[in-house]
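Residue numbers (this note's numbering), protein chains in the order written: chain A, 1 to 261; chain B, 1 to 255; chain C, 1 to 296; chain D, 1 to 356; chain E, 1 to 315.
Treat the hints as calculated values from the structure; they're not laboratory data.
Keep in mind that a hint or two might mislead.
Stated by the list, open to error - Here are the simulated lysine to aspartate or glutamate pairs, EDC-like style, with alpha carbons at most 20 Å apart:
#, chain 1, residue 1, chain 2, residue 2
1, B, K227, A, E126
2, B, K90, E, E165
3, A, K175, B, D245
4, A, K25, A, D215
5, B, K108, E, E165
6, A, K225, A, D179
7, A, K78, C, E187
To be verified - Example chain D residues on the side facing chain C (calculated, C-beta under 8 Å, incomplete):
#, residue
8, N92
9, S164
10, D237
We put the beta carbon where it would ideally sit given N, CA and C, even for glycine.
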Amino acid sequence: MTVLELDNVTGGYGETEILHGISLKVDPGEIVVIIGPNGAGKSTAMKSVFGLLNLHGGRVMLDDEDITNTPPEKVVRKGVCYVPQTGNIFPNLSVHENLEMGAYVRRDDFSGRLDDIYQIFPPLVEKRNQPAGTLSGGQRQMVAMGKALMLEPKILLLDEPSAGLSPKYRGEIFKVVRDINEAGTPILMVEQNAKQALGIADRGYILVDGQNRLDDTGKKLLANKEVAEMFLGGGSVPAKKTAARKTKPKARAKARGKSKQ
Amino acid sequence: MLELDNLTKSFGGLQAVDNCSLKIASGRITGLIGPNGAGKTTIFNMIAGAMMPTSGRILFQGEDITGLPTHQMFHRGIVRTFQIPHEFGKLTVLENLMVVPADQTGEKLFLGLFSPGAVKRREAEVRKLAEETLEFLTLNHLRDELAENLSGGQKKLLELGRTMMTDAKLVLLDEPGAGVNPTLLKQLGNMIRRLKDERGYTFCIVEHDMDMIASLCDPVIVLNEGKVLTEGKMEDVRRNERVLDAYLGGGEEAA
Amino acid sequence: MIDFINFYLIPGIVLGSIYALGAIGITLTFGILRFANFAHGEMMTLGAYLTLTMMWLTGWHPLVLLPVAMVLLALVAVGVDQVFYRPFRNSPAVVVVIASFGLMLMIRSVTQFSWGAQLQAFVPGIQRPTIFFDVLRLQPKHIIIITSAIVLMGIVHYLLTHTRIGKAMRAMSDSPELARLTGIDTELVIKATWILGAATAAAAGVFLAFDSHVSTMMGFQILLPTFAAAIVGGIGRPYGAMAGGLLIGITEELSSYPWIGDVPLLSPGYKAGVSFAIMVAVLIWRPSGLFRGRVF
Amino acid sequence: AGRQLAADQINAAGGLLNGDTLTMVLADSQCDPKAGVDAGTKVVNVEQVVAIVGASCSGATNGMVQSVTIPAGVVAISDSATAPSITDLDDNDLVFRVAASDAYQGSALAQLAWNNGYRTLAMTYANDDYNAGLAGVFEVSFKALGGTITANQMHEPNKASYRSELSTLSGNGAEGLAIFAYYGGSGIAIMRNSLEAGLFEKFLAADGMFDQSVIDQIGADVLRENIMITQAASDYDDPSYLAFANAFEATGHSPQAPYAAHGYDATFLIALAIEKAGSTDRAAISAALREVANPPGVVIRPGEWAKAKAALAAGQDVNYEGAVGQNDFDDNGDVTGLFSVNVVGTDGKWTGDLIR
Amino acid sequence: MDQLYGYFLYGLSLLTFGGIYAMLTLGLNIQLGFTGLFNAGIAGFFVVGAYVSAILSTAESERHLGGFDWPIPASLVAAMLVSAVIGWAVARISIRLRADYLAIATLGIAEILRLTFKNETDLTNGARGVSYIPKPYENMPEPWNQILMAAVVLAIVAVLYFLLERARKSPWGRVMSAIRENEGSARAAGKDVDRLRVQAFVVGAAMMGLGGGMMAHYLKFIDPNAADPTTATFLVFVMLIVGGSGNNKGAILGAILMWTIWSATEIFTSMLPGDLAIRSAYVRVFLIGLMLQIMLQKFPDGLLPEKRLQSSDSR
Ligand SMILES: Nc1ncnc2c1ncn2[C@@H]1O[C@H](COP(=O)(O)OP(=O)(O)OP(=O)(O)O)[C@@H](O)[C@H]1O
Ligand SMILES: Nc1ncnc2c1ncn2[C@@H]1O[C@H](COP(=O)(O)OP(=O)(O)OP(=O)(O)O)[C@@H](O)[C@H]1O
Ligand SMILES: [Mg+2]
Ligand SMILES: [Mg+2]
């Protein structure tokens, strides 16, 4: 039984195809991390879960239910929670209102949960009535995370949750992620802070050019030399890496060709 | 090169930057670090002319430039990137870069219309520079893509690319590394160093990636609650109790 | 002095209340759907005509029929939205503005076609004022208009600040995509916006007609001052719209008060320009409006 | 609608020339000179009309005739453009009108006010070409008679309220208010506002206010004795008028509708001119128009198309005596009009009396 | 034959009107299409241009300021200059406003301008308008006068088109798009955003003034009704959006096409039977609204969408 599964998903924004067949899954209780170069399609893969793009093929399954092309608000109501990479706060709403919005689909009393969030991110306490758009980059990220945590979801999707956070809070975030996970929520996250992320991950996927490149347990990926060189910034800049990038234009051309048919 | 003299910025009751004085030395890469909300971006905004300081002065090469409009800062050689990428969405990646250089004769409406010779020559230069920059950023394959379609990290690269399109004296980078793949980030680091060495840029970098700061920056200035907490080499700063407490926290794995 | 109150201030407040009700719909569409809705004036007109027609059919008082007109107009608005605005959900604001302009022409011609261009009245004849304390002239209808407007605005305010759908509206005006990712059914919010906007538009139209008469151009004629009211109050701020409406209505009337000597301060020929002058001044002095609306 | 009646009668009584039908083409000049020019161009070129009845607004007429019909040599007879500026257009004898210039009505109203005992009046006018012109003439005429204008205030039409303007107007005390406005634009609103606020009780107005809805809206009781409206009118006892009025009433319209009779006359005159010229040649029509309108000749009244056709066929001269009056064009193509004074009758309708 | 000749003349008038509107749409295209300035005050600049050109070129009249008797080209240049100056003033106070606010502000300013021309009777003869405005080639025999009038208008449009295309493709056009896309970033790249925006606004305003002047000469008569926002502002927007905002060809196509629709629908609605014909004005307006809706839904980016030149094309 898997919680979330992408099965050979292809698709993109409008005409262009970005994902050329991505498969991945998250089992109960797991932390799964996606890494890959910029522009590989990691965020796009996340969005495919929310019906935010044109899927040309493949399926998205949630708990054995086919949710391919379900509109985002319905997916959220099914218990999938998502922190996008950009535009993840309501800039004109206050911090407090942002957090409340996180619990929009909840109808019970969530004040306890609010207190928890303020405890995790103390800097937000004194900003609670300030419009979130006036926060610093890192503070916004905290709001975005906090907002997602307001729900106690079936599964949590995080797109680069640690970007822009100071080392202290980055550590904090990973701790929070682990805590949530230990409380039973499976997590799928994209991270560029790959070492730390893989450190806490059960499994990891490496995406390149909209395709699966590798998947393995977090530990094994960390130990893999090639992976370390190509994706984790270890060692010197390898010649191979540039070679890998050079295949990209062709792949794009191919993708264009496909989508035109 | 750049000196902040008792600079203050308050938002309502909050002193985001609080009587801050610091110096950025010419020809070096200065790191500016500090907890979230310490006031780093705010300082950048003031230096680059996007925000008016509440009080205090900004001196650039000995000249008081406090409160000048952004475009004049640019012409004095101060270039900044944005923490959240600010691309020209409906322009292609190449055009995004070509917009940047100063002294484009063709940008005068009248000259753009009537003096093709000079304009064409300058256009060719600008285009060449832009193409080199794209090559450098490994974005060449996306040159004709609309910038709004780039991924988060690609936009960050483009942000950096813009600083390479001009003869900058001081480049302010606001978190160039956030969201950038570590391997690429390394390259970026090399590139920044090269720009410093080959073109004589002075950098000031805000970044939360300690590896990058450690490998590039000397000195490092630590900001906390709008004030300078300490300043020095990364190794020293790293051992500072207060820095550990406020910024690095226990979670930092030393690299 | 008493003339000032009787003939400038009170009319100003009445007019202002009507502007304010109209401005609520404008400010909501402006803030949540992000476009300036030029068809809003026509909605007010339509509200008045629907009421008039029901009066012919039933013979009841217009204020009794107002709730029915509100419901009918809300239905119209939701239907119109589905057919004419839905295709433009992801279009730039200019395109939607132009679409609303086209719709304005269409609704207007339908109104003119069905009811003719002749002017009509809810209650023919004139209503003499009741005189209080010997000097204060108040017409019963003005008292009704002002109090009903206040009640309606109170309800709108409550809906927006204290209900889930109100919060969802504010969230959506900030970022529609994130709103969806938060679990908000944006189509539902859009419907709610139209319903609220249409209901207040119906009220504005009916009150305007109640104060003077029904004509096919009545809504359009107050559209621009209503816009000014919405802007002055701050876009997306319904209570701002209320304050803006009152401010515009009162200053329009006061602009021709003989403040100095006994000639009007400003030739009434420029009266229509007063609301714009205020609006432009506010925009320059404080672009987000008096109540800090959202800044695009 | 008056125009259509004329066309129908003519076609029923043998049509034009050799039985051709007179067809009417409508074009909307929207009171905007751009639209006037556009509409003129369309009817002149696409519809190939031989002559034009219209435009109705002075602004649209001005644009249309100056830019289109005069260069094209097409006769235009306006039925309701009353601006004095049309009188001295340099028009190659191509622009006529059957409505009297405001100059006449303004002074007629002033005279009427004076004769009815008004000595001090406040006045207000809507700022449009028609009412501003009329108000100007009225002010001069009333003062010339010895009257006093206590306040004269322009207003912008189509506003929701006029209370503040009215308050200013009432400041110096006046026996009544002269309103120059269209009833729908601002006229009714002004009356309502002044009555409801108790500022003015008595009104004088010109034909922009002549409409049944004024009575319906404000109430006959309130207005009876209190309002006088001049209107470009016909001699209601004149056989010409009666001929028109009976026919028009039979079609279910009120013959007193503003400018209905004018439209009828303009159309009829054009038809006569065509018949007289013997062709639809535009230049010939212009030449023939004055001959069929002015004496001498066999008197033709509304509806007498067959008679006119016969007379013209016999080579006789004709003289159209229309529903609105003599319709004798002067050198400028203007007519001197008749005016009626209208008050609210016991039946709650306007009843008019010719001013002689 | 006559009928054909009539169609020909009507066609000329469509081209003339359409061409004059094209001056307005091209002006708007600089502002909205290139630079992203949502100017809803077209009628204001139109009316300024129309009156300036009218007053300068007419003979002495007691009704309004006048008697300058300037030649038409000179008064058109003056119309452009005055519109530009007013455009500059308007831009100075409102250029920093964001899109929709700018729209409403300019709409308001245009209304104030129109009211001024209407109320300052000594200057403009108020609501009664200015007559006897000279028209180019009006003394030529029919149909040459009309052919030449249309030719002059179209020639001006062609010149404007040529210049604007060059401007669009030049680095200036690129900077303008950059400003439209991201103001902050353009500032950070050293562009004096405010100055450039004012520049675009002023150039556009001058073109609108030219259109207004041309219209006055073509109509030979101008009154404040000609600056009614419906036909002098919204119609222009409709034209540009239908044609394709950002695309100069689209601007011209939109102007001529929409004017033709605007004008020619009447030929059909007036054929409706009896009572309907009297209400045909409403039907016509309805059709125009409906047509607009269909156009927008079918061609959301306009008939000729904006094409950024791809960097590789221009190599
Ligand atoms: N416009 C504003 N209004 C009110 N407060 C603001 C505004 N802009 C920034 N602040 C506050 O000023 C403080 C400093 O913000 P700044 O963006 O400079 O932080 P930073 O050091 O760049 O942090 P980060 O590393 O998270 O980006 C923060 O507490 C923020 O909430
Ligand atoms: N809205 C969009 N429209 C069209 N193309 C897009 C859009 N968003 C992203 N793309 C393209 O899709 C590709 C994948 O983007 P995506 O955002 O998924 O990358 P990513 O793996 O998340 O990269 P990063 O680590 O930089 O965030 C990129 O090449 C980008 O150009
Ligand atoms: Mg991403
Ligand atoms: Mg920051």
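Hints the structure fails to honour: Of the numbered hints, 6, 8 and 10 do not hold.
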